[in-house]
Amino acid sequence: MASKLTRSNRAGWLMALPGAGLIAAFIIIPFFLAFTLSLTNQRLASPNPTEYVGFENYSDLLGLSIFTLEPERDEAGNAVIEDGKIQYPRLRNFTRNNPDYPNLQGKREWFGWQSGENRVVVLSSDVVFMRALVNTFTFVIFVAPIQAGLALGLALLINQQLRGISVFRAIYFMPVVVSIVVVSLLWKFIYSPGDGLLNSLLGWVTFGAFEGIDWLGQTSTALPSIMAMSVWQGVGFHMVIWLAGLQTISPTLYEAAEIEGAKKRQVFRYVTWPGLRNTAVLILIVITMQAFALYAQIAVMTSGGPLDSTQVLVFQAVERGYGKQDISGGSTISVILFLIVLMISLVQRWLTRERN
Amino acid sequence: MALVTSDNHGLRLWTRYAVLILVAVIFIFPLLFMAVSSLKPDQQLLSDTNSLRAFLPVGDISLQNYSDAFERAPIGIFVFNSVFVTGVTVVLTLFVCSLAAFSFVFLDWRGKSVIFSILLATLIIPYETIFIPLLLMVSQLPWIGGEGIEWGWINTYRVQIIPFIADGLSIFLFVQYFKDLPRELIEASRVEGASWWTIYRRVVMPLSGPVIATAAILKFLFMYNQYLWPLMVVQAEEIRPVMVGLGYFTDQLNVPWGEVMAYLTIITIPVLAFYLSLQRVFIASVAATGVKG
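Residue numbers (the working numbering), protein chains in the order written: chain A, 1 to 356; chain E, 1 to 293.
This is chain E alone, in the form it adopts within the complex:
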């Protein structure tokens, strides 16, 4: 990437960088504004918007908004819920979808191609078009708990996790990757008498680092940023994820903007830091959804 080519000189080089930087400013300024504003009292935050001070940590700077925000809402619980729901879903997705893909690619069974086509066809169904009937469904589903059979999944962790474990795209990504693995490797293990389960666990999965990262990152972004579904199925505070928790700040008569910015910073910065530290992998993951599609 850092090659120096023949036209990298003088004025042209500067204009190129100027354009790149200008575009970068457009993408950064709202996030910079968010982080900087979280340090300012409401009054200053609102009056600073008419000058460049909006983007500078100047004036009455403190962490007051953060401590106020923690007092207003159980932020720790929200963050835990989001991390828990996202983490569990990602792990289960990786297992369930890779296992299905393994079966589609390496095993031969009756009905395989029909089922695979049906799963692929589900890619065209946007989640938004099934949430309403899904809401009715989960409100009546049974669950076997400590006190026998319970009815209804509303207000639980499982309603935030189970519907999102398996999806067509994740299976598809694993299938595409598995297809390119050397088939002799699997056949050799098979001849040696290894069971399918062993081959999946000991041969295929250890070779699948890149696709595991791709599927994990896509699912992580989808789950952590979910809004509409938890809004509909989660009312209880103890299991509320971060995006829905935002209501504690915005559903006020006088919105405490400083606290809002603090809260947004708290729920965004960890994701951004995670992204920036792994940005090549993130970008490769998104690219992977395009190249093979």
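Pulled out of the complex, with its shape left as it was, chain A reads as follows:
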């Protein structure tokens, strides 16, 4: 890249300065500031001085304990059973000001299971955050492969040589230029309970056998509904990137395959897919990054509900950092989010590395 022309330090610096300076000021500094703030108790506006608190914010979010509850026993030592259920002491006896269990202080039950007579409980310092973490991962694990796969399908569909194909390409890409806020609001309407659009459509397709669902109002369907809508909005973007990848594959390879008498599936397996390697890596990384940043859909459609079933990391970061003006808490979630994104893109890069 280096030009062999004379060294021109002054002009070079001057021309790069506005761009590099702005990126330093508004991306790099806030980025490092997030790490710093996550170690303090900084608030947006506070009369009290900011203090260094170490990793307290992290343990407040990520603190977990496993605790085994033993049943209440009668004098003979048998577990007390009422209404067919084994009776346990109340959890709060252990988590509230119990000097024998300082590590459980302030924690709440996240989930638990039965183990013989005992009940094992996983306690979390911040159950809402843990739900947000799990929901975000769930969202990414489903959306990334589905969206990438559907986008590839669309790209193959649109890569045919047919009259008017560019019209279809333009239509498939259309949702990409529409704001996710607009899309979310429209789909909120489509998902509405009772005679909503989706319910009516499904009722019509099944000749009335389908009973309406409150798609966004129940915990089992809320997050999947948001996933489906997100795929609908984003798939055109990645279709275009796949398409660009498809068009870099030399036509002579296809001609050769045809002469060899390769079947369609074989052509895809041995010509198309190997040619799409780099595109696949790029698309997976981009979709994963975008999916982790999920925010507007949640803010517009569910605000994290019902029962925290659609809480996600960015929404939590905003709710704390902006809503509750708890800058340090919001920054801590941002840092955790960034570290996850970084780790996953490194893993994806490693898994899809060239194996020579």
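To be clear, the hints were calculated from the coordinates, so they are not data collected in a lab.
The beta-carbon is built from N, C-alpha and C at its ideal position, and this holds for glycine as well.
Do not take every clue at face value.
What the hints assert, rightly or not - So these bits of chain E aren't anywhere near chain A, every CB distance computed over 10 Å: (1) Gln44; (2) Val58; (3) Leu63; (4) Gln64; (5) Ala73; (6) Val79; (7) Gly87; (8) Ala101; (9) Leu107; (10) Arg110; (11) Tyr127; (12) Gly146; (13) Pro163; (14) Leu185; (15) Leu253; (16) Pro256.
Claimed, not checked - Selected chain E positions facing chain A (Cβ under 10 Å, derived; list incomplete): (17) Thr49; (18) Asn50; (19) Arg72; (20) Ile75; (21) Ile77; (22) Val96; (23) Leu119; (24) Ile149; (25) Met232; (26) Tyr248; (27) Tyr275; (28) Arg280.
Model the placement of chain E on the given structure of chain A, informed by the hints.
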């Protein structure tokens, strides 16, 4: 694209078009529903969803929702703000990022490769992970205004513009494009005694139409559709962009759905029209982010 190939015949051709059309319907129906519903009174809008009437401009059709929407919210101001903020940012992005890329590609200076690697590394930072510390930062930044130094950027145009002028992707796109320009052209001008500034302005930029369009379109989509950032830093009505203005309609006890649809149509149709008239360029722009990555 319109080549007629050997297997373009009969039934197979029809099934292909049937699949294409079915998929097209999936992508169009919510937008069609939006535009059609904006013409209906609330009651009819809600009852029409149980039939195909939802997608047809039938029944009590009028522009009433539009005039009601304009009465409820200062839509003209919102649209102006969005267009202003987006326009200014796009122009500044094109200038600042192309200038930096020019320096990275054609000039040789100390520290260049280190700085370029750092800028590239910022591509992995999602904006969502820096908004909270950025919020704290902009709430305390100084600005020299008409009345001396002011503190805090909240509730201004600049807080919506300045943080988004420079970004790694835009610089990267320009760098990739500039690398493919014929180097002899620049060297010849240099020998003739042209300054770097002149070469940038007179030689390189006039040759850079495609990458300018790409960078402009990507930035335009990002800026016009921004939501989270303006939500956090803009409270005043006079500088509120369209996406945040939506709150005027949705934060009601009884959401006026007809007006919502009218508002969504107003803020979406111009973008869609712009896209459809330049769709090849739009699609090429997105493709450009992939090919060279």
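### Task
Against the structure, test the hints numbered earlier, and report the numbers of the ones violated in rising order.
8, 9, 10, 11, 13, 19, 20, 21, 24, 26
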